[in-house]
Amino acid sequence: MGGIMPVLEARAPREIHALAAVVREAGEQVRRDTREREMMLAGVSHDLRTPLARLRIALELGDADDPSRRAEMVQDIESADAIIAAWLDYVREASDEPMSALSLDVIRELFASLPNAAQWHVELPAPALSLRVRPRWLQRALRNLIDNAERYGEAPFHCVVQARGDSCLIEVRDHGAGVSEQIIDRLREPFFRGDASRTTQGSGLGLAIVARAAALHGGELLIENASPGLRVRLILPAVILLDQ
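If you read the sequence shown in the working numbering, its first letter stands for residue 34, the second for the next number, and so on.
Keep in mind that the hints were calculated from the coordinates and are not lab data. Each hint should be verified, as a subset may be incorrect.
Label pairs and their computed distance ranges (CB to CB) [to be verified]:
hint, residue 1, residue 2, range
1, 195, 62, 30 to 36 Å
2, 82, 195, 39 to 45 Å
3, 198, 104, 36 to 42 Å
4, 130, 257, 25 to 31 Å
5, 98, 64, 49 to 55 Å
We put the CB at the ideal spot given by N, CA and C, even for glycine.
With the hints as extra help, turn the sequences into a complete structure.
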């Protein structure tokens with residue numbers, strides 16, 4: 034598929050044209066996947082380079098015997114581990130997890146368990162709902178929405194869940210500075226960091242993982258400034274009413 038597709042004659046049968054269109058699209062998908070893998074590997078390599086370089090220098094200088102330096106070394110190891118974990122989350126195949134019903138009580142429990150739970154205001158619908166989703170993917174998306182708000186925004190934080198016809202809206206908002214309108218659409222891209230306000234150390238994959246989770250469920254991710262703060266909406270299909 035890496036070569037150039039021959040141009041079909043106009044009088045070729047419709048079936049041949051249809052087949053050629055499928056082959057062309059498959060080739061384009063392969064090229065898109067290849068570019069994404071190359072970008073991912075470059076991003077992971079770049080983000081790992083700093084903590085690993087600090088670890089190497091510390092070991093060469095014999096700083097492992099210094100308690101304060103040991104704490105910094107542990108922090109670098111944890112940073113590298115978080116980067117690798119986020120990368121694995123992003124590239125993990127969705128087919129590894131079947132679709133199943135997930136109660137929105139999981140969202141309530143997730144927010145209640147947060148260290149900063151008092152800074153979050155969570156609104157869930159009544160009656161209770163269940164989503165037909167890949168549960169681990171949805172929980173990854175939620176954790177990344179929470180982390181993004183707390184890392185780059187400011188309290189108070191809000192999460193609102195609403196049923197809208199055959200879809201469910203999960204909205205997370207912070208009250209920070211927001212982001213420049215010129216780059217807001219690029220926040221879904223892996224490893225993209227634009228504003229100075231978003232230079233806090235992280236994996237660079239937070240909203241990219243949320244966007245991937247949305248796509249895997251046939252949903253969408255919407256991002257906009259809320260003045261103040263950033264509003265992120267995850268829209269998922271297949272709302273199921275639970276028995277009361």
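To see whether the hints hold, each was checked on the structure:
1. 195 with 62: 30 to 36 Å: holds (34 Å)
2. 82 with 195: 39 to 45 Å: holds (42 Å)
3. 198 with 104: 36 to 42 Å: Violated, since residue 198 and residue 104 (Cβ atoms, about 52 Å apart) do not stay within the stated range.
4. 130 with 257: 25 to 31 Å: holds (30 Å)
5. 98 with 64: 49 to 55 Å: Given range 49 to 55 Å: holds, Cβ gap about 51 Å.
Consistency note: the structure conflicts with earlier hint 3 alone.
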